[in-house]
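Chemist: Listed below are the residues making up each chain.
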Amino acid sequence: AQSVAQPEDQVNVAEGNPLTVKCTYSVSGNPYLFWYVQYPNRGLQFLLKYITGDNLVKGSYGFEAEFNKSQTSFHLKKPSALVSDSALYFCAVRAANFGNEKLTFGTGTRLTIIP
Amino acid sequence: ETGVTQSPTHLIKTRGQQVTLRCSSQSGHNTVSWYQQALGQGPQFIFQYYREEENGRGNFPPRFSGLQFPNYSSELNVNALELDDSALYLCASSSPRGYGYTFGSGTRLTVV
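Protein sequence lines, in the order shown, are assigned to chains A and B.
The letter at position 64 of the first sequence is residue 64 when you use this note's numbering, and the numbering goes up by one with no holes.
The letter at position 58 of the second sequence is residue 58 when you use this note's numbering, and the numbering goes up by one with no holes.
Among the clues, some could well be false.
Covered stretches of chain A, as calculated for chain B (at least 3 residues, CB under 8 Å) [as the list claims (entries may be wrong)]: (1) 20-27; (2) 55-61; (3) 76-83.
Computed Cβ-Cβ distance ranges for the label pairs, DEER-style [what the hints assert, rightly or not]: (4) A/Ser80 with B/Arg51: 41 to 51 Å; (5) A/Val83 with B/Leu67: 36 to 46 Å; (6) B/Gly100 with A/Thr72: 16 to 26 Å; (7) A/Ser84 with B/Gly40: 14 to 24 Å; (8) A/Phe46 with B/Arg51: 17 to 27 Å; (9) A/Gln10 with B/Ala38: 16 to 26 Å; (10) B/Thr110 with A/Gln10: 23 to 33 Å; (11) A/Lys77 with B/Asp84: 13 to 23 Å; (12) B/Ser7 with A/Gly16: 21 to 31 Å.
Residues from chain B that face chain A, not an exhaustive set, calculated with beta carbons under 7 Å [claimed, not checked]: (13) Pro8; (14) Ala38; (15) Leu39; (16) Phe45; (17) Phe47; (18) Gly56; (19) Ser86; (20) Ala87; (21) Phe103; (22) Gly106.
To be clear, the hints were calculated from the coordinates, so they are not data collected in a lab.
Where a beta carbon is used, it is the ideal one built from N, C-alpha and C, also for glycine.
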């Protein structure tokens, strides 16, 4: 079975400071990892993904994430937070084998950027 | 390139009724998945369709069923609605091998 843990329900960061949203995962075999953002009453908006290759992945709006296989982590980061980054963030994983394309999501982390 | 479109955006149904939600996939995507997101939770996988056949299912009862059409659009049907079915239902389309998933804005279903 595959699973995702987002240990922090809420993260508060001052505007301009670096931010980190944590994610650890469990999956059989190699993982495909994703980060999505959700604004109120909206669907999921794709930020970035790790499929293979460089462990540091750069995505939309200045976000990046580092894949760490030994720690089974895929933390989301941004060097300088903006108030507009305030939203709900979801980490998701699926196994890399073809035919198993189910995404498993974490419970989400609410990020609040304080002006 | 068009994104994923879901209809309707909001829906109110009475317990015991049946509902059909619709999804148009992104151009070039032939796989469609449905997810249920209850309030305050992450999305939960319901099922996936590829080439008009269900090829993966989450822990949902048989009263949740679906269809995929030749143009890759899809429907989610829920029979005998229960209060706990109230949620945001998200449709996602993906390209072959699932390297990327595009989600629609969802349908907010309220069962009263």
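Chemist: A separate judgement is required for each hint: does it hold in the structure or not?
Modeler: Okay, the hints, checked on the actual structure:
no. : hint                              : result
1   : 20-27                             : violated (count 0)
2   : 55-61                             : violated (count 0)
3   : 76-83                             : violated (count 0)
4   : A/Ser80 with B/Arg51: 41 to 51 Å  : 45 Å, holds
5   : A/Val83 with B/Leu67: 36 to 46 Å  : 43 Å, holds
6   : B/Gly100 with A/Thr72: 16 to 26 Å : 22 Å, holds
7   : A/Ser84 with B/Gly40: 14 to 24 Å  : 23 Å, holds
8   : A/Phe46 with B/Arg51: 17 to 27 Å  : 24 Å, holds
9   : A/Gln10 with B/Ala38: 16 to 26 Å  : 19 Å, holds
10  : B/Thr110 with A/Gln10: 23 to 33 Å : 26 Å, holds
11  : A/Lys77 with B/Asp84: 13 to 23 Å  : 36 Å, violated
12  : B/Ser7 with A/Gly16: 21 to 31 Å   : 41 Å, violated
13  : Pro8                              : 14 Å, violated
14  : Ala38                             : 11 Å, violated
15  : Leu39                             : 11 Å, violated
16  : Phe45                             : 5 Å, holds
17  : Phe47                             : 9 Å, violated
18  : Gly56                             : 5 Å, holds
19  : Ser86                             : 14 Å, violated
20  : Ala87                             : 13 Å, violated
21  : Phe103                            : 4 Å, holds
22  : Gly106                            : 5 Å, holds
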